[in-house]
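Asks: Protein chains in written order, with the working numbering: chain W, 2 to 393; chain D, 2 to 393; chain R, 2 to 393; chain E, 2 to 393.
Hints may contain errors.
Here are some chain W residues pointing at chain R (derived, C-beta under 10 Å) [what the hints assert, rightly or not]:
hint	residue
1	Q32
2	M33
3	T103
4	S104
5	R110
6	P256
7	V257
8	K388
No lab work stands behind these hints, which were simulated from the structure alone. Just so it is clear, CB atoms sit at the ideal spot from N, CA and C, and this is done for glycine as well.
4 protein chains.
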Amino acid sequence: MFLPDTVRITGRSGGCLTEVIWFMPGNSFGQMFRITTAGESHGPGNVVIVDGVPPGLPLSEQDLIPDLQRRRPGQSHLVTQRREADEPEILSGVFEGRTTGTSIAILIRNTDQRSRDYSEIQDKYRPGHADFTFDARYGFRDYRGGGRSSARETTARVAAGAIARRLIAAEFGGAVVGYVIQIGSVRARIEAPERITADQVESLPDGSPNLVRCPDPAAAAEMQQVIEQVRRETDSIGGVAEIVATGVPAGLGDPVFDKLKADFGKALFSLPAVLGVEYGVGFGCADRRGSENNDLFTTSDQGQICTETNRHGGMLGGISSGQPIVLRAAVKPTSSLAREQKTVTRGGEPTTISTRGRHDPCLLPRFVPMAEAMVCIVLADHWLRWKALKTS
Amino acid sequence: MFLPDTVRITGRSGGCLTEVIWFMPGNSFGQMFRITTAGESHGPGNVVIVDGVPPGLPLSEQDLIPDLQRRRPGQSHLVTQRREADEPEILSGVFEGRTTGTSIAILIRNTDQRSRDYSEIQDKYRPGHADFTFDARYGFRDYRGGGRSSARETTARVAAGAIARRLIAAEFGGAVVGYVIQIGSVRARIEAPERITADQVESLPDGSPNLVRCPDPAAAAEMQQVIEQVRRETDSIGGVAEIVATGVPAGLGDPVFDKLKADFGKALFSLPAVLGVEYGVGFGCADRRGSENNDLFTTSDQGQICTETNRHGGMLGGISSGQPIVLRAAVKPTSSLAREQKTVTRGGEPTTISTRGRHDPCLLPRFVPMAEAMVCIVLADHWLRWKALKTS
Amino acid sequence: MFLPDTVRITGRSGGCLTEVIWFMPGNSFGQMFRITTAGESHGPGNVVIVDGVPPGLPLSEQDLIPDLQRRRPGQSHLVTQRREADEPEILSGVFEGRTTGTSIAILIRNTDQRSRDYSEIQDKYRPGHADFTFDARYGFRDYRGGGRSSARETTARVAAGAIARRLIAAEFGGAVVGYVIQIGSVRARIEAPERITADQVESLPDGSPNLVRCPDPAAAAEMQQVIEQVRRETDSIGGVAEIVATGVPAGLGDPVFDKLKADFGKALFSLPAVLGVEYGVGFGCADRRGSENNDLFTTSDQGQICTETNRHGGMLGGISSGQPIVLRAAVKPTSSLAREQKTVTRGGEPTTISTRGRHDPCLLPRFVPMAEAMVCIVLADHWLRWKALKTS
Amino acid sequence: MFLPDTVRITGRSGGCLTEVIWFMPGNSFGQMFRITTAGESHGPGNVVIVDGVPPGLPLSEQDLIPDLQRRRPGQSHLVTQRREADEPEILSGVFEGRTTGTSIAILIRNTDQRSRDYSEIQDKYRPGHADFTFDARYGFRDYRGGGRSSARETTARVAAGAIARRLIAAEFGGAVVGYVIQIGSVRARIEAPERITADQVESLPDGSPNLVRCPDPAAAAEMQQVIEQVRRETDSIGGVAEIVATGVPAGLGDPVFDKLKADFGKALFSLPAVLGVEYGVGFGCADRRGSENNDLFTTSDQGQICTETNRHGGMLGGISSGQPIVLRAAVKPTSSLAREQKTVTRGGEPTTISTRGRHDPCLLPRFVPMAEAMVCIVLADHWLRWKALKTS
């Protein structure tokens, strides 16, 4: 009944339904530390409401800016040249420089919404994008870009993640550092994930910016070359990021559905372009024997129970073990290409498309702060859930 | 205040907290099709309440038994020899052979709770198990086995999954088939995942049972040998399972946090022993270029928009594309070993442990029905969420 | 598609839809202390899964029985004579007499499911019952009684409430006492709600059982006569119950949607037959002036801030004030009458119906433990939510 | 740890806890049609994210303004004279004049945040307000006004309610009209609630504005006098509002916890100052007999099953019956009084307080649009839940 006349979608694979449209809610994440977001790539801006932040945490817009800057387009020649200030405005929940315990709303306005001709992407499905599936789902879409499926919605996540990061630091000294370990066939050599610092991720040994966010300088240099090359060839390249959480106490996570690993899995898969997630030895466990894979318990010099090794990536039975949490996410090559690709129109007619300008030739450098944000949010949520129920 | 006197845990890695205990709820999964479970390995039984099943669906205990049998211990010499009848009793929500639309409770009593000496696992932490993290979380635990973290809780999931399976079949002709593709270094050769049948998974070409649930008969034979060998050597082995959903219409999944891939990710990571999840090309995307990775749109012989290839594993932007959904999960080798392993006691004293009898030397054969169940549940949930909001 | 052939419902008042059927989930209550229930009046039994109970709380079936006995049919000649043992079985979550922190499942089997002729209520709509609305909602119903809308589902709530009652007592010394203050035109005189004891509710001054659960003995005697009279006249009578929670610390409840009063409102309105809920002066506030209605702050003898009066019923801004919480619920007269009433068949044909035997002529005596249970559950839930977020 | 040094609260009635602070999330309402809000009375503004609006619904800021204007302060001399433009900005979810199916964010900036001396309310507890309970809950508060507990947060609800109102009108022809039926001892005479029109609520027969929103003109005149009088006497007065929903199909609501009446109860009790909620005969049921109270089924002229009378207020077993839904809420007299009242300081010292200017002497006129909004939201939510699960 609501459907504009011109829309007729048959988004059905195996079956008989035609001309239906649909949608559903799903813009919240977390239980105790809960974020709800709204916003599109070409609308007025992105909003996040963060519910569950304890009262008294020092907070201002300045605290949100560093992570937003790391996520921002246009930060280097290796990423999209869209120009966005990404300046956050805190609309509620903070009084005299401290959180009040009530919900915190943050608005990040879009500034670079170029007026241009969208007729091409309006009528054609970009390969690898959500254009077709959006039409299949909603019957029509905001065709001026990715709309709600644009990576621009992650500004809201990164702003919320910056609050979560401060929360876990203040509450239990937790820290989350992410970095790139693979781009194309170039793999970084990382001896001890838990010892990589934010500084190594952001800066090279000579003090210059680490544009690819790989803490192995030699690999970083190679990765930069790979990205520059694929961009010259109007192509793109995939990669893998690793995210490490340290200082996490043993005992976070629920034994059944809300295992900590399950919530990390959902968090990372909810980011655009992620095709795989693993932790600890990950897929490498497939050809290991139990005797090679089990981490044996021992006692630390400080008298605490710990494991000799960390093949379990900091989680046993879905509950944190006190060891560093080590996660990895595989990110596909950018789907938007400046070269011509075959596709079809909304009506199913064969055509070609080439997407103009301003794309990341590789998503990984900007993916790092997004992934860190989601990991911080999961930890803040499970920390609060854990506090709810401990015996006083 | 509740804490029994004898319990003193310091489950903290990086920090200063001591002697706290905690816990939290997390025994529900799904939004519209929602399951809530309870039960331990050595208690009276496992219960699931399934909320959100439409009225009128034909259902009886008989419909639940096939999948429960596939999950059941003792089904072959390759799996644990614990003896459980796993007979479900439907306690509500079904009247005259059809669902009423109200919540369905199913009880599966435990029958093989051997009375034996648990003093060893009561006081020692089994490597790779959740014993230590349970103590860290709750302060004490039901030490007669895995308790709530035992794979026995998956009986409840498999029973609920059997209902979800019938729901998606009746509503949109959806089908879910899982199988083993790797055990140790043996990899199956699967040409077209979407054409593997449940029959191929359960039976070998000669009609004998396919004990490892690998539809490549040659690989299946090798895998069986590997399992028999590690068992002889009091060891265990990991592997990878693939789960394929066909007949899924385009349009399921939400564009942001509740992406279909995110909910599959959570569902599979919530199963015991899963260390990695991927879909489509998965981690293989890391060294691909966009021009190699994008699936180009075309039009099928029936005039429907589809893609030429399915590297995207049936989901674009987290929304189903109408192509087969192809997921993979990496499962670690069983942690329980009949050989001696080093560990510590609850008090932190060095000791050794060897777990007696009745363990799966490889979890994969019984993992298949568990993973299928979770995939069915996610599809049922997203289908109902999708129906809620389509325009009539 | 699922719909049995014989069902054709047009459950639509203002509109054009015909022949649709529908349903939805809604069998869970609470956030941190969360109960999920299943079961019908004439099925095998009722089940509740209680999620969120901290580990270490002493618990056995014996702890659940007293409240179940107070709710039980057949407890006196004033209530329905259906015979149910209402014996609970704890299926999980308790080990060696203490809760483990995992989900607790409780099963209460139905024992008195008389085999009889249901053809009358199968085809006719009982006035005041949910028969018609169930058919409108689900397309068909379990016609052997109220099914899911029967007050028998409250066994599950009362069992869960008994756990909540123990939790709030152990955690903060909270106590909940309910009683009847009005039946028909007979009103009890209650000087100080917070001083009414459970003993006064259950026993008369002479030690005999207080069958109507009104702590004003004179009113109780009158009420009993009213009930006996309406029963003789094949009629029924309504009333009002008051529920008082003491020992509740200031600070429970959230300032916006999850105000404590809002969750009490939902909890009590979710019980069968409740047509009104109020707290403090309630509807009496309508003709009061602010200067008469405000409770002025002062300091107690123990130096604590409190109010001189308690017209606010223990909640200000939806947050507990530390004063006793005083709630009231209006309960309608039983709809089932042994006398003939006009109605229609499912096909809309005029007919008459008289419901045979075994009904409560007045719901109030058995309503008291149900209402107490829901109030305990809300307090347990908000207590845990509150603990989640306090600063350590 | 977060707590500012100067805050020391002992918000405990019956007990021993001291100097703890706490909080929790609770800023979302609804399941399928879900709103999440943020904002304080003296911060930058109020925000609501509406999740679950189907795609294709025509929507612009203009559609939100009428209800916001009815809620707005300063609309007449009978209400608070705070000056707020209450102009909404839609930040997302609308494209080319139609909803896209994604989350809709609306921002309403505060404009009248007078700079003045708050030292009085900073240090003293206003009787009847949430000042004390906020301190008890959070340890400190935004003392520049009600903060998060201010009625200003209802701007967000009213904006969301305007969307819900359009949704239920478009989807099933539903309409919601509220009005005042009692102020002080003046009671309106309403013959047929379901026939009161929005026009009667907003305008008097002579075309002048109906400042008190009572559709009985004689009572309206008297009510106006009462309000003017209490204002002159620096006092305030309570009242009762009635809200009627028509066109609601039979079948909305779930039989157990999420009864339609339960969600209406929560919705209305979540509004500031509501002390009582009832539907149908409400508390009047207490002295009725079943034979007087039951509504008998019959068949309408159009051949539809309906009831002869509507004492059940449109809901049976918590499920809509197709009859008009009739709800009532009791609203207390404004707590803020310009006269001197006794109270204590945060430290517990006796003092007096008189709140200056700009208060509503009676909340009822502005309560009407707030209550309508919440009723619209509950109906939109249950409609979508109902659609999710009907058989196609």
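Asks: Each of the hints needs a verdict: does it hold here or not?
Replies: Going through the hints against the structure:
no. : hint : verdict
1   : Q32  : holds (8 Å)
2   : M33  : holds (5 Å)
3   : T103 : holds (7 Å)
4   : S104 : holds (8 Å)
5   : R110 : violated (26 Å)
6   : P256 : holds (7 Å)
7   : V257 : holds (8 Å)
8   : K388 : holds (5 Å)
Of the numbered hints given earlier, the model fails hint 5 alone.
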